[in-house]
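By the count of the working numbering, the sequence shown reaches residue 1130 at its end, each step adding exactly one.
Just to be clear, a hint being listed does not mean it is correct.
Unchecked claim - Simulated DEER-style distance windows between Cβ atoms:
| id | residue 1 | residue 2 | range |
| --- | --- | --- | --- |
| 1 | I1102 | G1021 | 30 to 36 Å |
| 2 | V1019 | T1085 | 41 to 47 Å |
| 3 | L1118 | W969 | 17 to 23 Å |
| 4 | M992 | H1087 | 47 to 53 Å |
| 5 | E983 | L1118 | 31 to 37 Å |
| 6 | P1066 | A1115 | 22 to 28 Å |
| 7 | R1018 | V984 | 29 to 35 Å |
| 8 | T1085 | Y1113 | 40 to 46 Å |
| 9 | L1047 | P1080 | 24 to 30 Å |
| 10 | V984 | D1120 | 33 to 39 Å |
| 11 | V984 | I1102 | 30 to 36 Å |
| 12 | A1115 | S1091 | 34 to 40 Å |
| 13 | F1070 | L1118 | 20 to 26 Å |
To be clear, the hints were calculated from the coordinates, so they are not data collected in a lab.
Every residue gets a Cβ at the ideal spot worked out from N, C-alpha and C, and that includes glycine.
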Amino acid sequence: MDGMGMPGSVGEMAAPVRYSVETRWLHWSCAWLVVAQFGLGEVMHRVPQGMRGPIVSAHLSLGVLLAALFVTRIVWRVTGGRAIRFPAGGGLDARAAGAMHGVLYLLLGTVIALGYLARWSGGRPVTAFGVVIRSPFGPMSQATHHLFGSAHGWLAWAIVILAALHVAAALYHARVLRDGVLRRMWGGA
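Generate coordinates for the entire structure from the input sequences, incorporating the hints supplied.
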């Protein structure tokens, strides 16, 4: 079984050493999509207007893909798909890790929703991989459009900052504490 240690005796399995392949795939796919989305979002506002089309198209398509993966990840988490659990402990670091994960989930869901709302409030559909997703809402004011767009951008920066702290904490566990926390989410033996 993936993520399981060697059996100690017949019918007995050692404690798991890493999350399942599916859990790790969802984690790293979302992580790389967040990085790509942030990069595309920053670049599209810094290039001449005539060059923005393909960048916006990629940002929208990857955003819809990220939204689908995010929903899948939430469903996976709450339905027991992520069956391998590790002891959380009661220390400050365990509470901080739980809070960090909760805030990252909340921010990511909010940024995804704001991305749709920013696009729709500007009177444009979300077009992903050639499929048009029209707004379910009526017309919105320019001020509302600006609010959704600004919040989308600022909260994307918040995600990147918190993700950097998340990476720093994982590296601290790997290099200083050497407690195997990073190995849980990393592939390989």
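Hints, one by one, checked against the model:
no.: 1; hint: I1102 <-> G1021: 30 to 36 Å; result: 31 Å, holds
no.: 2; hint: V1019 <-> T1085: 41 to 47 Å; result: 32 Å, violated
no.: 3; hint: L1118 <-> W969: 17 to 23 Å; result: 22 Å, holds
no.: 4; hint: M992 <-> H1087: 47 to 53 Å; result: 23 Å, violated
no.: 5; hint: E983 <-> L1118: 31 to 37 Å; result: 33 Å, holds
no.: 6; hint: P1066 <-> A1115: 22 to 28 Å; result: 44 Å, violated
no.: 7; hint: R1018 <-> V984: 29 to 35 Å; result: 31 Å, holds
no.: 8; hint: T1085 <-> Y1113: 40 to 46 Å; result: 42 Å, holds
no.: 9; hint: L1047 <-> P1080: 24 to 30 Å; result: 29 Å, holds
no.: 10; hint: V984 <-> D1120: 33 to 39 Å; result: 38 Å, holds
no.: 11; hint: V984 <-> I1102: 30 to 36 Å; result: 19 Å, violated
no.: 12; hint: A1115 <-> S1091: 34 to 40 Å; result: 36 Å, holds
no.: 13; hint: F1070 <-> L1118: 20 to 26 Å; result: 42 Å, violated
Hints 2, 4, 6, 11 and 13, counting from the list given before, are not met by this structure.
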